[in-house]
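S.K.: So you can see what is in the structure, the chains are spelled out below.
Number of protein chains: 2
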Amino acid sequence: MVQSRKSGGRGPALQKQPPGESVLLNAIRARAQAGAHSTKGLSRVRLGIGDDCALLRLHPGEELAVTTDLSLEGRHFRLDWHPPESVGHRALARGLSDLAAMGARPVAAFLSLGLPRELTEASGSCRPWPRTWVDRFFDGLLALAAQHGVPLAGGDLAESPLAVADIVLAGSVPRGQALLRSGARPGDRIYVTGSLGGAAAELAALGQSPQRFASATQASKTAPHLYPQPRLAQGLWLRKHQKASAAMDLSDGLSTDLARLCAESGVAAEVDRAALPLAAGTTAAMALHGGEDYELLFTAPQSAKLPKSIAGVKITAIGRILPASPRKPRVFLRTEKGAEPLQPQGWEHFSGGN
Amino acid sequence: MVQSRKSGGRGPALQKQPPGESVLLNAIRARAQAGAHSTKGLSRVRLGIGDDCALLRLHPGEELAVTTDLSLEGRHFRLDWHPPESVGHRALARGLSDLAAMGARPVAAFLSLGLPRELTEASGSCRPWPRTWVDRFFDGLLALAAQHGVPLAGGDLAESPLAVADIVLAGSVPRGQALLRSGARPGDRIYVTGSLGGAAAELAALGQSPQRFASATQASKTAPHLYPQPRLAQGLWLRKHQKASAAMDLSDGLSTDLARLCAESGVAAEVDRAALPLAAGTTAAMALHGGEDYELLFTAPQSAKLPKSIAGVKITAIGRILPASPRKPRVFLRTEKGAEPLQPQGWEHFSGGN
Chain F
172 MVQSRKSGGR GPALQKQPPG ESVLLNAIRA RAQAGAHSTK GLSRVRLGIG DDCALLRLHP
232 GEELAVTTDL SLEGRHFRLD WHPPESVGHR ALARGLSDLA AMGARPVAAF LSLGLPRELT
292 EASGSCRPWP RTWVDRFFDG LLALAAQHGV PLAGGDLAES PLAVADIVLA GSVPRGQALL
352 RSGARPGDRI YVTGSLGGAA AELAALGQSP QRFASATQAS KTAPHLYPQP RLAQGLWLRK
412 HQKASAAMDL SDGLSTDLAR LCAESGVAAE VDRAALPLAA GTTAAMALHG GEDYELLFTA
472 PQSAKLPKSI AGVKITAIGR ILPASPRKPR VFLRTEKGAE PLQPQGWEHF SGGN
Chain P
172 MVQSRKSGGR GPALQKQPPG ESVLLNAIRA RAQAGAHSTK GLSRVRLGIG DDCALLRLHP
232 GEELAVTTDL SLEGRHFRLD WHPPESVGHR ALARGLSDLA AMGARPVAAF LSLGLPRELT
292 EASGSCRPWP RTWVDRFFDG LLALAAQHGV PLAGGDLAES PLAVADIVLA GSVPRGQALL
352 RSGARPGDRI YVTGSLGGAA AELAALGQSP QRFASATQAS KTAPHLYPQP RLAQGLWLRK
412 HQKASAAMDL SDGLSTDLAR LCAESGVAAE VDRAALPLAA GTTAAMALHG GEDYELLFTA
472 PQSAKLPKSI AGVKITAIGR ILPASPRKPR VFLRTEKGAE PLQPQGWEHF SGGN
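Those sequence lines, one after another, are chains F and P.
Converting from the first sequence to my numbering requires adding 171 to each position, the first position being numbered 1.
Converting from the second sequence to my numbering requires adding 171 to each position, the first position being numbered 1.
Accuracy of the hints is not assured; some may be wrong.
Among chain F residues calculated to face chain P with C-beta under 8 angstroms, some are [claimed, not checked]: (1) GLY221; (2) ALA236; (3) ASP269; (4) LEU270; (5) ALA341; (6) ARG346; (7) ALA349; (8) TRP408; (9) LEU449; (10) LEU493; (11) HIS520.
Label-pair distances were calculated between CB atoms; the ranges are [claimed, not checked]: (12) SER353(F) with ALA404(P): 30 to 40 angstroms; (13) ALA475(F) with GLY437(P): 52 to 62 angstroms; (14) LEU449(F) with ALA201(P): 35 to 45 angstroms; (15) GLY232(P) with GLN473(F): 36 to 46 angstroms; (16) ARG288(F) with ALA445(P): 32 to 42 angstroms; (17) GLY347(P) with GLN379(F): 34 to 44 angstroms; (18) LYS499(F) with ARG200(P): 20 to 30 angstroms; (19) PRO332(F) with GLN473(P): 39 to 49 angstroms; (20) ALA510(P) with ALA205(F): 31 to 41 angstroms; (21) ALA390(P) with GLN379(F): 54 to 64 angstroms; (22) PRO231(P) with GLU511(F): 50 to 60 angstroms.
Derived by calculation from the structure, the hints in this document are not laboratory data.
Think of the CB as a built atom: it goes at the ideal place given N, C-alpha and C, for glycine as much as any other residue.
Chain F with its partners taken away, still in its complex shape:
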């Protein structure tokens, strides 16, 4: 480390004092272990928080899906807008959504957390054991973890001027059966789960009146921006029934993510604007470019028979896969005026203008 060190040892943390890394780590470890006892994924975690590494065990014939997602204060959340429970929930949901897109079953989560010291200190509450920002962050993260049976098996902790949460998810999938982005073929139909644009619409509304951010609750499951629901059951269903030729999750917006799927598959695509399942209160632009819906985008051969809903979530055919043509765009949008190129306008870091 490049900063000055402290001069001596310390006793246990006192209330309203910075708790110290080891005290904070022990608190997280206790909460993670309490949660792990109630999770179904426990059997694949042989060793959790407390050693240099966690140890995971796979069943014969499985492979491991691994994904990392970085959430940064000011980029992915705002401390003055998002309740801490939402920040924890969203960090985990991003990783779970990646597992869902592969048809993987969660095995374990890991979290690298960098926090300003004040977020580990109690605020001016009159309760005898006031809950800190980091306590409430873990409330949100561990509630979603419990819902999907995924133990928190390790991570790292550091003091940071900027709040940073990097989530790592490991999941299991039978060998050779993961849903990939690269399997779409010309003639396949394109589908999405749920509805699109809801997260963007909620964010826009909340941006108008940030005080409304505090009133949404994790339990209601009707706040697609604050508390997105990763489509794990739907991804598992698609993988088990071998219906999908390709799949990914919609994190950066349909126009951007579909172009990525097409690039990986070496194909093009056409989306019917009239077919888009718009969330309540959204525009077609929000559905096409809004991002963070964490729905699944997948393709299936025309001959595949798909149900109207999977595990309680509707699915909608929104277009078709075309052969790729050199020097032509990857994705077209079909409206009553015909087909026009659909530029990727979803989220991209380091892009011009922001």
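Mind docking chain P on chain F? Use the hints.
M.R.: For chain P alone, coordinates are given in the frame of chain F:
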């Protein structure tokens, strides 16, 4: 995302323009794939960068060791002190050192990288293809990855006001054979690999004259702070020969890390100050509390016969494991004056005074 989005699509990146996430990702992917072809660990990575998750395959009878390490600008490195190659090298070395401590063999690395935009842009070089900070960061990271045969299999990328690199390492270890912190027993001898305090001494010297940071090179392997060498071969040897009862890596300083090993094992320990293998130009205080040496700390039964060096690195007995006593300190330092408590004075985040 909570920031404003860009208004339209973009063409390929131009020189000295911000390259955009997808261009940067494609460049990283190309470099990672070029590196992966020369790595021994390739066979366990079935799918690398480019999909929602990477896919890892284990051989029968193996389990997976997973660790994450967060490196933050201003805490773990300084942009005005550390060459970008050193930042990349050190980020990966921290994770590899955790694998070494378990006796695991690297399978794959994942990197979540948050960077200020200017670190992705070319500086004012007159070369036709000026190398950016992020190019040089990957030079350092991928050189160490190639040395240890570990492919970069995935990660995440985001624009960030603070440079952030979270490294995730996955390694394989035969089931039930990982070296743990929890196995030390009273009577065991305590050992370390290499020498101690070198990283702290180098950092102190470099802090006096930061311009010297630029002259150290990754290839020289004689810069313990800038380019630490994770002890993977030594960890593998200890695990294969089943000599160690417990092990961990020395990242935060002997006084702090030995106390953690003792806590996990439920024991106490005594260190002989005269036995400490001091690196050139270091003091006993640097060796005890300096941290970031990334040597292995391990214990072995008195009856175990250990060589003087393992894979070219010397090992030194520095003390012994004692039974734990309630209300007594975990770790003692024996000097010519007798044994006195050794307070943990290594690195701890969120601790008082800094």
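S.K.: For this structure, which hints from the list above don't hold up?
M.R.: When the structure is compared with the hints, numbers 8, 9, 10 and 17 turn out to be violated.
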